[in-house]
Amino acid sequence: MINHLIVSPLLLPLLMGTIIILNANQPVARQRILGLSSCLAVLVMTGILLFQSAEGPIQTYVLGDWPTPFGIVMVLDRLSAMMLFITALLALLCLAYAARGTDRQGKNFHALFQFQLLGINGAFLTGDIFNLFVFFEIMLLSSYGLVLHGGGGLRTRAGMHYVMLNLVGSSIFLVGVGILYGLLGTLNMADLAVRMALAPAENAALLQAAGLILFAVFALKAALLPLCFWLPDAYGFTSAPVAALFAVMTKVGVYVILRVYCLVFSEFAGIGASLLSAWLLPAALITLTAGAAGVAGSRDLRRITAYLVIVSVGTLLAVIGTFQREAIAAAIVYLPHTTFMTAAMFLVADLIHRQRPDAGSGMVPDRPVGQPTLLGLLFLTAAVAIGGLPPLSGFFAKVMMLMTVKDSAGAPWIWGLVLGGGLLTLMALGRAGSVIFWKLLPADDTRNGRGTAHDPVPVYALADVFPAVFLLGISPLLVLFGGVITEFAFAAADHVINPVHYIEAVLGPDRSLPLLYPSGGE
Amino acid sequence: MKTPLPPIERVPDCCRGGLVSSILPLLLFGLLCLAWPRVVQGNIFAVQWAWVPSLDLDLAFRLDGLGLLFGLIITMTGFFVSLYASSYMAGHQQLGRFFFYLHGFMLAMLGIVLSDNLFLLFIFWEATTILSFLLIGFDHHKTAARESARQALLITGGGGLFLLMGILLLKIAGESMTISHWAASGDMIRDHALYPAVFICILMGAMTKSAQVPFHFWLPNAMTAPTPISAFLHAATMVKAGIYLLMRFHPLLGGTSLWMATLVIIGGTTALWGAIQALGPCDLKRILAYTTLMALGVLTLFLGGRTVLSLTAAATFLMVHALYKAALFLAVGSIDHQTGTRNLDHLGGLVKSMPLTALAVAAATMSMAGFPLFFGFIGKEIMYEGALAEDMFPVFATVATLFANSLMTAVAAIIFITPFMGFGRQKMDPVKEAPWTMRLGPAVMGLLGIVFGIMPEWVSAHLIQPAVFSFQPDREEIRLVFFHGINLPLVLSILTLTLGSVIYRYRTFLRHRMNTAIDRLWITTPGLYQSGLDNFLRNAGIFTNTIQNGSLHFYLFIIILTLVMAVGWVWLPHVPGILIFPVISGPLIAIGLFAFILASTGVVVFAKKRLSAIGGLGGVGAGVALTFMIFGAPDIALTQLLVETLTLIFISLVLLRLPPMDAVKKRSRSRTIRDACLSLVAGLLLTTLMMGILQVPLDRNLTAFFEANSYIAAHGRNIVNVILVDFRSLDTLGEICVVVLAAWASVTLIRRTKEG
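Here the protein sequences come in this chain order: A and B. Residue 806 in my numbering is what sits at position 342 of the first sequence, and the numbering runs on without skipping anything. Residue 979 in my numbering is what sits at position 325 of the second sequence, and the numbering runs on without skipping anything.
Bound-form chain A, shown alone:
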């Protein structure tokens, strides 16, 4: 029985994106309805998929019904199902936020948004490395369009850097895939894993070079230092709902690193075995440190949040870099938390920005925001969650990560830097909050920089703040259902860390034997 539901997260955005293009000259309201209904439908579908994956084995969907590894295959395991669900939920909330006005700032927002979803979902689902390249391209082009949305010189420049650096990444990706195909003769990731285990020793250097080339590409996507240059500007200058959605884009890079280097270059992969075990952890820790320095050195809440994304990637990859089952499970628990909370902070920063016409989200004194209690509460919640303080989800995820990496050689470094990064985050957010909410110019001060009267600031209705409130509300839910989520994460980590499950689901039973018995398997 083929489960056609698996491709729904691809088909729905593709279809709806095309329909919205055809309606490009219709009123925005119609596009909104189309976009939101698509997101809602994807959310329902991915919810069902998540539920199915939690209960059952890894599912595959073979396009065109060509036998693997000759056709393209979509693979749904627990991790990809979770990523799809996170993306769908985040997308719906970001679109709901954008529907309060951001989408009017330029054309084609809704169509681009759907294609963005198509690219992200495809990257999570695909089991084919060239197909991954294609979805990366879709992701890149639509995100480029979204970064530019709304215009402005800074956005155009940031978008230019973003697309240039990522195009370099794309061409390098092709080189890496080319080497793998040239030597192993396949593009299917499960098949690549089997053939890697069987590859002769004289090809070791070439295959390892290919693995490192691909790592550079994925690290660029995940914004690992020193490949994270594109991120602070692109995330800091683009419109808020786009930046919030992009919180999941770096996680695509993290996901792919986890997938490829636990499958194709897993510890069973013969000559390509454990390729990253010496590289990932130090790179991630340096990223974490640099991100924390950026957090401490920034003077604008939007920019602080952009650097928080880098901190979060560094933390995730440092924990993943130990390549232990428990640690990966902890990373899987941390991933939804950090994605939703950084996204929420982008939205909160924008809500603050719009009620401070002179200073925006910058850390300079301005008149008080229009709704200080509401915004202060939102900011405080987000800060507590992101800073990893109890009783919100950041604390529990952090404790779980610290406990699970305790046996790895890098444990003292991870502990020190993760906790130190948390302290810097707390300090930076404390500074930002105390300037924005406390260091006030008199409310009746009528002089501003231009010596004219103030523009009226918007007053938010429930619908304006609802997406941010909802995102922040996820944090206590993650705590409340901590037991279930941890259980799920361990099961997901089982599937990730042991390539046998994945290979047998894709290629059929017993095909993973070369991994388990490298000498006499054939």
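Hints in this document: simulated from the structure, not taken from any laboratory. Glycine included, C-beta positions come from ideal geometry on N, C-alpha and C. Just so you know, not all the hints are guaranteed correct.
Here are the simulated PhoX-like cross-link-like pairs (lysine-lysine), alpha carbons at most 20 Å apart as the crow flies [as the list claims (entries may be wrong)]: (1) K1262/B x K1320/B; (2) K1263/B x K1320/B; (3) K903/A x K796/B; (4) K870/A x K825/B; (5) K1086/B x K1006/B.
Each pair of labels, with its calculated beta carbon distance range [stated by the list, open to error]: (6) A925/A x P1084/B: 50 to 56 Å; (7) P973/A x A1253/B: 52 to 58 Å; (8) G884/A x A1253/B: 54 to 60 Å; (9) D871/A x T1357/B: 45 to 51 Å; (10) Q569/A x G684/B: 58 to 64 Å; (11) P664/A x T1357/B: 19 to 25 Å; (12) S911/B x V828/A: 49 to 55 Å; (13) S708/B x R621/A: 43 to 49 Å.
Following the hints, position chain B against chain A.
Relative to the frame of chain A, chain B by itself:
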């Protein structure tokens, strides 16, 4: 010091909301009193629900003697402070928020002392950190308030991280997360390899929270908070959380020479430093803050001991201090509230206008100075007994206690005599006595100081001993008694009073000397903190701006450099082998093409005019297409040619609109050389990688399948087409999306550029 008060008749005497909300602490106090007799008999109240089993985090609460002592202090001061604040803060705009924070803080404090699970304790611990940030910064229009709030957040927050680390290390060492299960396992932990790390982490948590040297400076700065908050957080409760932590951990971690030596030295230093500095300021609140430092130091000092005597001394002094210090803070607040100043130089003669406050202050300061009949005297006696009974450095402990106490006596005299008896240098306006809500707290707590002083046996049996027994398993009975007979502690007590009066006599001289001496200190922790923080923030900014410098060229350089380094790491050793024997086979025309492509590339790189660069680019494209042609792939060659032509047209359209190349700023020579080197290495690596692949026979697994099935299964004669539209149709669909999106993005961009 303080903004002048608005005319008194406009401000209501107290706000009803504050009055009503003081029911909460009163209720909790009542509940604790109900449980009190049972706890004294040795019963323990405990409840427990599982929360996050994988973390060993349970919702476990437990009321034992120590929890009761702290709980009573917290709820009692909580009640008086909230009653007091309903008058003190009357007319403030954000009263609701104030009482919300205040009571939230009180509940968090209760949570700390009643938690039986370490993670739960930590959750409440961090809650007090955040709430104290909000409370210290409550008067946020003042720069000092904001800065002190941030300072307290950073220091106590950092200490919180150490505490968390200590808890996790303890868990790794195999210790139970349930505090009441610790009784028997102290030896296991004390011999564990992780013991020093655990000890340091826990100690850091306690030291930052309880403001021990060198982290002490946040406490005096936190006095920018409204007085009820200073009284509650920074005298009676929050700063005692660190002390509570040390008491709780005493049976588990205490008793080692590391523990004793560290605590005695740190505590003694803090006590002396705090007591000396208390002579310096003129601001009454600041003086009180330094005396709090002294008290916290003394408590730490006694917790360094392991005898029942020194621990009893700690518990007794904890109570003594909570009573007189909260009373004094509230009374000072009253003075401030009624007169508009709390500067010693401006105050005097208040005994006539504020008689009740004067009485309360008199009682509290007498207790503080340790006069007989007052609770402070009992405390002082047991302190000297405890100091003499320390295992480590008893002489240092005794001398430190003696000097700190003498200074306290002098400061107590200053606090009472100057504002109430003396004469202000300026003539003061007529002053009214504070409203009853503000008098009740100091009066009751001052009175308790006398009551407890007269009946120490009762206090000892009902409060101190149950508390000490819960963290000192020996259960040795130490009774507080009114008169011990003539012994060394009594002599020391008398010496303290004498020395204190001498110091009081020469206070002006000492203050002057002290202030100049502190000014001359070339290194101080507040200074180090400030300059360290400033330097760090500045360097973080510089570092970030250096990395994130906005130059696309720089970004690309680094990315390619990273790639070269990563690939070169595994591949560079193989490069010579591949380059030495290049396989030059194939037709002569191929070698000609190779030379042509190379030459065209040279043209692109070295061209002086854009047009010639574009021409060179066309040459490269044509060369590649021709290569496909001669190696038997005419369809690919055709596609390539088409793509090349289109690209060329686009590039020409764009590039020829740019200013001519010689008009663009020349790049420096060193940069050109650097770029050239990197490009050459990158090119070399890429070329040799490709050559390396060619030496391995191509796996025809996929190709064979496509050849076999193209016609039979997919019904297409052209294999490439079938691959594109059937076998890998999803790729094609995706690429169509990409092309559409790219076209679209360009149109949007061009349209916008035109409009803008």
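Practice task
Mind listing which of the numbered hints don't hold for this structure, in increasing order?
Solution key: none
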